[in-house]
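Asks: Single-letter residue listing:
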Amino acid sequence: MAKVKLSISVDEEHLNQFPKIMKEVEKAGMEIDQELEDLGVATGAIDEDKVAALREVEGVEHVEEEREFQIAPPDSDVQ
Amino acid sequence: MEKPIRNRKPKSDRENGRGNQPANVSPNGNVIAPGTTGRFLVLLREDAVKNAAKTLRDTAGVRAMSSADFTEGAGAEHLGESEALVFEDLGVAVVNTPPDQVKTLSAAAARDTGILAVEPERVVYALRVTAPPRLADEELIVEEFFSAAPPVIDRSIVAAPPQEFPVDFLRGYRDAVDHLVGKLLAIGGITEAAVGEAVAAAFSETEFTWGLQATKVALSRFSGRDTRIAVLDTGMDLGHPDFVGRPITSRSFIEGQEVQDGHGHGTHCIGTACGPRQPAQLPRYGVAFNSEIFAGKVLSNQGSGADGGILAGIQWAIRNRCHVVSMSLGAPVFEGETFSRIFEQVARRALGRGTLIIAAAGNESRRPGFIAPVGHPANCPSIMAVGALDQQFQIAGFSNGGLNPQGGQVDIAGPGVAVQSSFPRPTLRRSLSGTSMATPHVAGIAALLAEANPGARGRELASLLLQGARRLSLPARDVGSGLVQAP
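The listed protein sequences derive, respectively, from chains Y and R. For the first sequence, position 34 (counting from the first letter as 1) is numbered 34 according to the numbering used here, and the numbering increases by one without interruption. For the second sequence, position 2 (counting from the first letter as 1) is numbered 1002 according to the numbering used here, and the numbering increases by one without interruption.
These are calculated hints, taken from the structure and not from any lab test. Heads up, some of the hints might be wrong.
To be verified - A partial selection of chain R residues facing chain Y, derived with a Cβ cut-off under 10 Å:
| id | residue |
| --- | --- |
| 1 | Thr1234 |
| 2 | Leu1238 |
| 3 | Leu1299 |
| 4 | Gln1302 |
| 5 | Asp1307 |
| 6 | Gly1309 |
| 7 | Gln1315 |
| 8 | Ala1331 |
| 9 | Ser1340 |
| 10 | His1376 |
Virtual Cβ for every residue (Gly too), placed ideally from N, Cα, C.
Work out the full structure, taking the sequences as your base and the hints as a guide.
Replies: If you want it as structure tokens, here you go:
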């Protein structure tokens, strides 16, 4: 099963239960890389077919696939 | 409450009737600076908005009315002398007051009265504050503050049902503003473009880069003292001679790579935002030379990164109580694509903690033929998006535009073509172009504003940046509220 890298955010109502929500999303299959409690956000990866279930976890507000960034090479005049 | 102001004639009629009276004198005989209305904007602290009427009365004897009391839209141009109109949703009061009262208000701003700043109302801004506050839900307020783009507001005005917003009244107001702008420009027989050209010709760069001159940083008495700027980028050349002795906090969020900048982009951006007052070699290129530098490496030496590292960098900046986060990075989005809900939520939480995030609009345009939309994450409503200008004050060919609604606007513009700044050893100095170069100009100036207005953080800081920007005769789609200006 292919894994998707993603970020999730915890809604305002559940911000004070952040550690508990982290346990719940792990139960839903997410492998957490970073718990960013100040932001109410976690990043990590999950099997493609479990993304939908992750969205259903109480307290999870948004789930987004990770985007990648690439700036111009150093020898480019436009950065 | 009665609405006496609605029955008065629009200002345009009154002005036309005044015949020979010069446009830069208000009806009460006070001299008005060019480009301003003669009224003043009072920026209120969020928790002080409720008591604004009392504060204004107690500090300056001003009679304040609330925009919420007017069911059909309130217009500041109908204010009588010593009257104020409070826009609760915007946290701003428009005050029609003689100069001696302004002094009282400015003095009040220096004390802890809930008044954060007082400044002349600009002609274009006036159009913006007349937008109906009741239409603004939380999301729209964010956009009000983060985009001073009049055309967008214009559309919402047209879309508003007549009973909610009197179109005739607005037309009258727009005519008055147009009329006033025309008169002001005609006074000296010059146009905004001509002003730009004249200034460009004067950019010699012997002492200051053109960017520091165009943004008035060169003339500012502020230096970013006691402010913290986080630059999330490719890291920094920590041994660059121009930064010897500067307090630098740094951290890498790229696995297996040190903060030391193996690309050059990060060192260049930090140079613009935080570079020294006296570099080893002139011209000076840095804005906030007394700011504390937080160099977060979220892009690799190969110039690549991902959401996860950037989010981690933002949390690091918030925890370190940085006033500003400068992010000269972005990923292209399609026209019609919506912004990231997660970055928007993060940006709001950052603002709540007093940290303003500023990001590059992106370089995917190929003007005049093709304009690309503002990229991720600059397209979030609560992140300030920066476009790039050249020395002629024209939009850079690569600079992205505000094509997507809902936060996808360009909010402000900065110098972004042929920008000299620091570069890793042994090069030391290099000229680069991009919205990446415009962004740290805005971030550095945000730090100057934070120093000048110790009460203003987060959203207030954003609104000071937008209000202070120099208006340009370019589409708001490209430059937002205009060219960023130092206090």
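Asks: Would the hint on Thr1234/R stand, with a C-beta cut-off of 10 Å toward chain Y?
Replies: holds, 8 Å
Asks: Min Cβ distance, Gln1315/R to chain Y: is it shorter than 10 Å?
Replies: Hint holds; Gln1315/R Cβ to chain Y Cβ min 5 Å, cut 10 Å.
Asks: Does Gly1309/R pass the interface check with chain Y, least Cβ-Cβ distance below 10 Å?
Replies: holds, 9 Å
Asks: Quick check on His1376/R please, does its C-beta sit within 10 Å of some C-beta on chain Y?
Replies: holds, 6 Å
Asks: So, Asp1307/R near chain Y? Judge it on the closest CB pair being under 10 Å.
Replies: holds, 5 Å
Asks: Hold the hint about Leu1238/R up to the distance rule: shortest CB distance to chain Y must be less than 10 Å.
Replies: violated, 18 Å
Asks: Go through the hint on Ser1340/R and say holds or violated, using the shortest Cβ distance to chain Y against 10 Å.
Replies: holds, 6 Å
Asks: Interface hint check: Ala1331/R, Cβ to nearest Cβ on chain Y, cutoff 10 Å. Holds or violated?
Replies: holds, 5 Å
Asks: At a threshold of 10 Å, is the proposed contact between Gln1302/R and chain Y supported by beta-carbon distances?
Replies: OK, holds: Gln1302/R within 10 Å of chain Y, min 8 Å.
Asks: Let me know if the C-beta of Leu1299/R comes in closer than 10 Å to any C-beta of chain Y, holds or violated.
Replies: holds, 6 Å
Checked against the numbered hints listed earlier, the structure breaks hint 2 alone; every other hint is satisfied.
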